[in-house]
Amino acid sequence: MNISLTLELVAVGVCAVTGVLAAEGKQVDLFGVLVLAVVTAFGGGTVRDLLLGDVPVAWMRNPYYLLTAMLAGLGTFIVARYRSLPRTVLLVADAFGLALFTLIGTKKGLAFGVTVPVGVMLGVITGVAGGILRDVLTGTIPLVFRPKIYLYATAALCGATVYVLVLHWMPSEVVAAGSSLATTLALRLAAIRWKLELPLFHVRR
Amino acid sequence: MNISLTLELVAVGVCAVTGVLAAEGKQVDLFGVLVLAVVTAFGGGTVRDLLLGDVPVAWMRNPYYLLTAMLAGLGTFIVARYRSLPRTVLLVADAFGLALFTLIGTKKGLAFGVTVPVGVMLGVITGVAGGILRDVLTGTIPLVFRPKIYLYATAALCGATVYVLVLHWMPSEVVAAGSSLATTLALRLAAIRWKLELPLFHVRR
Amino acid sequence: MNISLTLELVAVGVCAVTGVLAAEGKQVDLFGVLVLAVVTAFGGGTVRDLLLGDVPVAWMRNPYYLLTAMLAGLGTFIVARYRSLPRTVLLVADAFGLALFTLIGTKKGLAFGVTVPVGVMLGVITGVAGGILRDVLTGTIPLVFRPKIYLYATAALCGATVYVLVLHWMPSEVVAAGSSLATTLALRLAAIRWKLELPLFHVRR
Numbered sequence: 033m034n035i036s037l038t039l040e041l042v043a044v045g046v047c048a049v050t051g052v053l054a055a056e057g058k059q060v061d062l063f064g065v066l067v068l069a070v071v072t073a074f075g076g077g078t079v080r081d082l083l084l085g086d087v088p089v090a091w092m093r094n095p096y097y098l099l100t101a102m103l104a105g106l107g108t109f110i111v112a113r114y115r116s117l118p119r120t121v122l123l124v125a126d127a128f129g130l131a132l133f134t135l136i137g138t139k140k141g142l143a144f145g146v147t148v149p150v151g152v153m154l155g156v157i158t159g160v161a162g163g164i165l166r167d168v169l170t171g172t173i174p175l176v177f178r179p180k181i182y183l184y185a186t187a188a189l190c191g192a193t194v195y196v197l198v199l200h201w202m203p204s205e206v207v208a209a210g211s212s213l214a215t216t217l218a219l220r221l222a223a224i225r226w227k228l229e230l231p232l233f234h235v236r237r
Numbered sequence: 033m034n035i036s037l038t039l040e041l042v043a044v045g046v047c048a049v050t051g052v053l054a055a056e057g058k059q060v061d062l063f064g065v066l067v068l069a070v071v072t073a074f075g076g077g078t079v080r081d082l083l084l085g086d087v088p089v090a091w092m093r094n095p096y097y098l099l100t101a102m103l104a105g106l107g108t109f110i111v112a113r114y115r116s117l118p119r120t121v122l123l124v125a126d127a128f129g130l131a132l133f134t135l136i137g138t139k140k141g142l143a144f145g146v147t148v149p150v151g152v153m154l155g156v157i158t159g160v161a162g163g164i165l166r167d168v169l170t171g172t173i174p175l176v177f178r179p180k181i182y183l184y185a186t187a188a189l190c191g192a193t194v195y196v197l198v199l200h201w202m203p204s205e206v207v208a209a210g211s212s213l214a215t216t217l218a219l220r221l222a223a224i225r226w227k228l229e230l231p232l233f234h235v236r237r
Numbered sequence: 033m034n035i036s037l038t039l040e041l042v043a044v045g046v047c048a049v050t051g052v053l054a055a056e057g058k059q060v061d062l063f064g065v066l067v068l069a070v071v072t073a074f075g076g077g078t079v080r081d082l083l084l085g086d087v088p089v090a091w092m093r094n095p096y097y098l099l100t101a102m103l104a105g106l107g108t109f110i111v112a113r114y115r116s117l118p119r120t121v122l123l124v125a126d127a128f129g130l131a132l133f134t135l136i137g138t139k140k141g142l143a144f145g146v147t148v149p150v151g152v153m154l155g156v157i158t159g160v161a162g163g164i165l166r167d168v169l170t171g172t173i174p175l176v177f178r179p180k181i182y183l184y185a186t187a188a189l190c191g192a193t194v195y196v197l198v199l200h201w202m203p204s205e206v207v208a209a210g211s212s213l214a215t216t217l218a219l220r221l222a223a224i225r226w227k228l229e230l231p232l233f234h235v236r237r
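Read top to bottom, the protein sequences are chains A, E and D.
Under our numbering, the first residue of the first sequence is numbered 33, with each subsequent residue one higher.
Under our numbering, the first residue of the second sequence is numbered 33, with each subsequent residue one higher.
Under our numbering, the first residue of the third sequence is numbered 33, with each subsequent residue one higher.
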């Protein structure tokens, strides 16, 4: 198992945990928790792969993905009963997952020959669509649409854009990927730390 | 029209009826009712076929499917105005539909060469995703995530697992299919009868 | 840029504006507004293309689509702060978009060789699915399922049916397309003007 797959599985596990935690106070049972874990972890990549037509979708081809999401979901279900979870650690881990998924999505889109704006958009979709589906399934307006989440999608957008720009001017995959990850992570963590927000939509009467 | 298609059309019709009934008290009109009928009846198979990349999806290739769902939806719309529906009959019919859809989904997944856990998962998706979409469209947290539905998805999971296990140790398609249907049906009906539930998700403060 | 693409881009822009306006009073930020613009504008076509297996989906192949939806979304975000929008103009423009998207969807379905009822259904899906996704994402039961929207989907259904019928008896693409557009538009505008509604679903106790 190489380092890239390991990193991805860590990101899958973290997303699954955040999926489960969204069920707090919603009268959801063990099955619901496992579905939320899987949907949050694979939703973004699935939407991307369906739009690109790359099927069967990625997580169906390697059993480690499903196993990781299920174990993370089951583990959270059990542990959350007896211990409060370390929210700060989870927020940082989730920012890392966002950065990684965005990078993977952007790269995959470009590899399929879409234009640069669509590639960036596929990166953002890969990063945030799992959380959107999670929120739809738990009956709330997606967190990522709202100011109080602090630049979640914006961080992904910047990370994906940086990847494309760096690759254009300095054709090194490693530098581009590293800059992208660093940008998303830094922006997201800074936004949490200093409560940075996008402007709210407001309609004049 | 062979027996397998007839059984499937019955299951489609029953799912369509349950889709319509979910609109009770929600200010939905005739068009909404027909969409809910179609989405509930074909949602699970559609998600499965999209994930597998088997498109155009199954119900688009045989006009009987669409016709059955539409007539069931329209019939429910009319009948429900004048008579109360036999809820017990519907619950039993729905359990049969769940068993059949789960079996069909598991078989199709394995026929497309996915691994056994993913095949079981596709069976469960085929059985329950239509109901999840129905609940999302009517603005409620999916019933199947909640304890009070009494082992709906769990019955599907056991039925799909039994199919795979029986086929492994005793390579008879008929025995495996029969055992799977019997397992899902028996577990679901027993759960309704004795109010069996999965444990609820609970977060410690 | 030919006339057909121009018309389609206008329809995309109008759908994007209606997507943004659905966010009114929902605490949605700039990112949420842009997602709602894109989802409303491309949701119908995307569902249709996924069901047909025509991927990568249409809007990913021509950057003008994404650009139009984004600019319309951004423009609405800015303008709505300072001026009230001309709702009547928007309603008429939206009726035109519905007519055009329905026609495009029906034609595309038939070109992919589906049966006539499925072709009509794909036309309706292309016309209304974007709005359904918009409503799911903003946490409301889809407007198009409810009587007070005044024959939205029904207008699309009649427009798609007229296209198929005219083409059957008088094989002129132009006449069929024109009749379809006129039917959807006329029915929709008449329904708004005289508040025509489909019957409501009602369950007898």
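Take the hints with a grain of salt, since some may be wrong.
Rough simulated footprint, nothing fancy, chain D against chain E, three-plus residues with beta-carbon under 8 Å [as the list claims (entries may be wrong)]:
no., region
1, 47–56
2, 64–72
3, 83–91
4, 113–122
5, 208–218
Over 12 Å on every C-beta distance to chain E, these chain D residues come out as not near it, computed from the model [claimed, not checked]:
no., residue
6, 58
7, 85
8, 186
9, 202
10, 207
Please keep in mind that the hints were generated in silico from the structure rather than gathered at the bench.
All of these numbers come straight from a predicted model, not from anything done at the bench.
Here a beta-carbon is modelled for each residue, glycine too, at the ideal position from N, C-alpha and C.
Hints, one by one, checked against the model:
{"no.": "1", "hint": "47–56", "in the structure": "holds (count 4)"}
{"no.": "2", "hint": "64–72", "in the structure": "holds (count 4)"}
{"no.": "3", "hint": "83–91", "in the structure": "holds (count 4)"}
{"no.": "4", "hint": "113–122", "in the structure": "holds (count 4)"}
{"no.": "5", "hint": "208–218", "in the structure": "violated (count 0)"}
{"no.": "6", "hint": "58", "in the structure": "holds (14 Å)"}
{"no.": "7", "hint": "85", "in the structure": "violated (3 Å)"}
{"no.": "8", "hint": "186", "in the structure": "violated (6 Å)"}
{"no.": "9", "hint": "202", "in the structure": "holds (24 Å)"}
{"no.": "10", "hint": "207", "in the structure": "holds (26 Å)"}
Checked against the numbered hints given earlier, the structure breaks hints 5, 7, 8 and satisfies all the rest.
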